[in-house]
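Engineer: Protein sequences, first through last, are from chains A and B.
Residue numbers for the first sequence follow the numbering used here, so the first one is 401 and each next one is one higher.
Residue numbers for the second sequence follow the numbering used here, so the first one is 925 and each next one is one higher.
FYI, nobody ran anything at the bench for these hints, they're computed from the structure.
From a predicted model like this one, the values you see are computed outputs, not experimental measurements.
Beta carbons: idealized from backbone N, C-alpha and C, even for Gly.
Check each hint, because a few of them may be wrong.
Said to hold, decoys possible - Sample of chain B residues at the chain A side, in silico, Cβ under 10 Å:
| # | residue |
| --- | --- |
| 1 | 987 |
| 2 | 989 |
| 3 | 1000 |
| 4 | 1001 |
| 5 | 1008 |
| 6 | 1013 |
| 7 | 1060 |
| 8 | 1135 |
| 9 | 1139 |
| 10 | 1141 |
Claimed, not checked - Distance ranges between label pairs, derived from CB positions:
| # | chain 1 | residue 1 | chain 2 | residue 2 | range |
| --- | --- | --- | --- | --- | --- |
| 11 | B | 1077 | A | 402 | 55 to 65 Å |
| 12 | A | 402 | B | 1130 | 37 to 47 Å |
| 13 | B | 1077 | A | 607 | 42 to 52 Å |
| 14 | A | 530 | B | 1021 | 24 to 34 Å |
| 15 | B | 960 | A | 565 | 29 to 39 Å |
| 16 | A | 406 | B | 1088 | 33 to 43 Å |
| 17 | A | 420 | B | 1050 | 21 to 31 Å |
| 18 | A | 527 | B | 976 | 54 to 64 Å |
| 19 | B | 1050 | A | 626 | 22 to 32 Å |
| 20 | A | 618 | B | 951 | 13 to 23 Å |
| 21 | B | 1022 | A | 438 | 47 to 57 Å |
| 22 | A | 413 | B | 1077 | 28 to 38 Å |
| 23 | B | 976 | A | 540 | 33 to 43 Å |
| 24 | A | 607 | B | 1038 | 49 to 59 Å |
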Amino acid sequence: MPDVWRHAWRLARKDLLIEFRSRTAILSAVVFTVLVLMVFNFGRDPTAVAAIDLAPSILWVTFTFAAMLALNRAFQLELENQALDGLLLAPVSRSSIYLGKLIANLAFVATVEAVGLPLFAVFFNVSILPVLGPLIAVVALATIGFVAVGTLFSAMTARTRFAELLLPVLLLPFMMPPLIWAVLATAALFAGHPLSAVTGWLSFLAAFDIVFVTLAFALFPATVDE
Amino acid sequence: MLLAERLRHAFGAVRALDDVSFTLQSGQTLAVFGPNGAGKTTLLKVLAGLIRPATGRAEIEGGRRAVGWIGHQPQLYAHLTVRENLRFWGSLYDVPDRELAAREGELLGRLGLNEHADRPVRALSRGLIQRVAIARALIHDPRVLLLDEPFTGLDRTAAEDFRRLLAEQGGGTGGRITVLVTHNVEEGTELATDVAFMRAGRFVQLAPRAGRDAAAIADAYRRAVAGA
Chain A
401 MPDVWRHAWR
411 LARKDLLIEF
421 RSRTAILSAV
431 VFTVLVLMVF
441 NFGRDPTAVA
451 AIDLAPSILW
461 VTFTFAAMLA
471 LNRAFQLELE
481 NQALDGLLLA
491 PVSRSSIYLG
501 KLIANLAFVA
511 TVEAVGLPLF
521 AVFFNVSILP
531 VLGPLIAVVA
541 LATIGFVAVG
551 TLFSAMTART
561 RFAELLLPVL
571 LLPFMMPPLI
581 WAVLATAALF
591 AGHPLSAVTG
601 WLSFLAAFDI
611 VFVTLAFALF
621 PATVDE
Chain B
925 MLLAERLRHA
935 FGAVRALDDV
945 SFTLQSGQTL
955 AVFGPNGAGK
965 TTLLKVLAGL
975 IRPATGRAEI
985 EGGRRAVGWI
995 GHQPQLYAHL
1005 TVRENLRFWG
1015 SLYDVPDREL
1025 AAREGELLGR
1035 LGLNEHADRP
1045 VRALSRGLIQ
1055 RVAIARALIH
1065 DPRVLLLDEP
1075 FTGLDRTAAE
1085 DFRRLLAEQG
1095 GGTGGRITVL
1105 VTHNVEEGTE
1115 LATDVAFMRA
1125 GRFVQLAPRA
1135 GRDAAAIADA
1145 YRRAVAGA
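Build the full structure now, drawing on both the sequences and the hints.
Structural biologist: Structure below.
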């Protein structure tokens, strides 16, 4: 296995082990997801707007803010006891560090999404099974772009005083295009449109991923080097 | 060999390093004393490759792989056990599994950490955590040790223990090159083969310790730094 992947995997495994031990961020994100879905479910007037019209937006708002919790924690973890300096000092490329964080964050957000999606289906009475394959493709492509940019911004903001506030402020404007595409694709799937109706959105999401993952790799060293 | 040649660096208008040069060979320990803000940590970071100097060059034979760092922050993960921390850091230096297990066992034994090996770091006392930090820094058997105020936050007994452990691990018997920076002249003097006094980014004095004790060094420090 090339060095970059080997080191990245070791970093990701370490992050996931720490999260498994502490369970702070994953529990917060899952509880947050459940609460948001409940609030939207019981807060809406079912006679005014159909659940199916609201559901795609609610799904993505929930996933977006739940993911913020994970992204905020990604580099805070490294500031504890100045472990980040240890990582930067180790003979490990900056790309490995970024990739390791990206893998761990993707695993984390995917877990939250795996818990949130069935709950969403139950609360909003949406049948996701017939469109499960394309829906997973939409969720995966949107999540990769979101987490790739979020991991980069998390590294940028981690050493600032108001990291938890700064991250959403910086990240959300970048996320508008993929979130809009993800909401439109999800709405089309729930409305029973054929797969060909969402391939355009999927292509946009894939293009966003390629561009921003590449940019994030290129820019990451500048965010951690003094 | 460790080489620092005409290092200069500034943070905005603040000069952190101003024409710093020195060379160290195996077995030498340089203690750098200076007040807060003298540029000591910047010097270590430049030597370690964490900061690129504005001018000059710093070179360590063996590169980053040859460097071990011990600071007042232990660079450990609180939720991982002592053993997991050592394995993680060793794996980042590509220490082969068998060698890693052997070094881990040796360091745990030598640093009196055997009974704490499977406890999470967050459950350990400050003194024990510093021992783990030493083990972490030595897990890849570095040829160069960089020590940044390593005694900060330790009580007198823990600091004494720590000094003894560093003496065992550092230059002399270990044949390592060690650079220790601290603002307290009482700390680590006896570890040094060479002593430098730093002020406003400059070495105002660099000389062999030549058998001087802490009191003599403190006296020289006061004269050199006050008179610089």
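Engineer: Taking the hints in turn, state whether each one holds.
Structural biologist: Hints versus structure:
1. 987: Check passed: Cβ of residue 987(B) comes within 7 Å of chain A, closer than 10 Å.
2. 989: At about 4 Å, which falls below the 10 Å cut-off, the nearest Cβ of chain A leaves the hint on residue 989(B) intact, so it holds.
3. 1000: holds, 5 Å
4. 1001: holds, 6 Å
5. 1008: For residue 1008(B), the interface hint holds, since the closest Cβ of chain A sits about 7 Å away, which is under 10 Å.
6. 1013: Hint holds; residue 1013(B) Cβ to chain A Cβ min 7 Å, cut 10 Å.
7. 1060: holds, 8 Å
8. 1135: violated, 34 Å
9. 1139: Violated, about 33 Å.
10. 1141: Where the cut-off is 10 Å and the nearest Cβ of chain A is about 28 Å from residue 1141(B), the hint is violated.
11. 1077(B) with 402(A): 55 to 65 Å: violated, 40 Å
12. 402(A) with 1130(B): 37 to 47 Å: holds, 43 Å
13. 1077(B) with 607(A): 42 to 52 Å: Check passed, 51 Å falls within 42 to 52 Å.
14. 530(A) with 1021(B): 24 to 34 Å: violated, 48 Å
15. 960(B) with 565(A): 29 to 39 Å: About 31 Å separates the Cβ atoms of residue 960(B) and residue 565(A), which means 29 to 39 Å holds.
16. 406(A) with 1088(B): 33 to 43 Å: Given a distance of about 37 Å, which is inside 33 to 43 Å, the answer is holds.
17. 420(A) with 1050(B): 21 to 31 Å: holds, 26 Å
18. 527(A) with 976(B): 54 to 64 Å: Since residue 527(A) and residue 976(B) have Cβ atoms about 57 Å apart, the given range 54 to 64 Å holds.
19. 1050(B) with 626(A): 22 to 32 Å: holds, 27 Å
20. 618(A) with 951(B): 13 to 23 Å: violated, 42 Å
21. 1022(B) with 438(A): 47 to 57 Å: Holds - the Cβ-Cβ distance for residue 1022(B) and residue 438(A), about 53 Å, lies within 47 to 57 Å.
22. 413(A) with 1077(B): 28 to 38 Å: holds, 30 Å
23. 976(B) with 540(A): 33 to 43 Å: At roughly 38 Å between Cβ atoms, residue 540(A) and residue 976(B) fall inside 33 to 43 Å, so the hint holds.
24. 607(A) with 1038(B): 49 to 59 Å: holds, 55 Å
In summary, the numbered hints that this structure violates are 8, 9, 10, 11, 14, 20.
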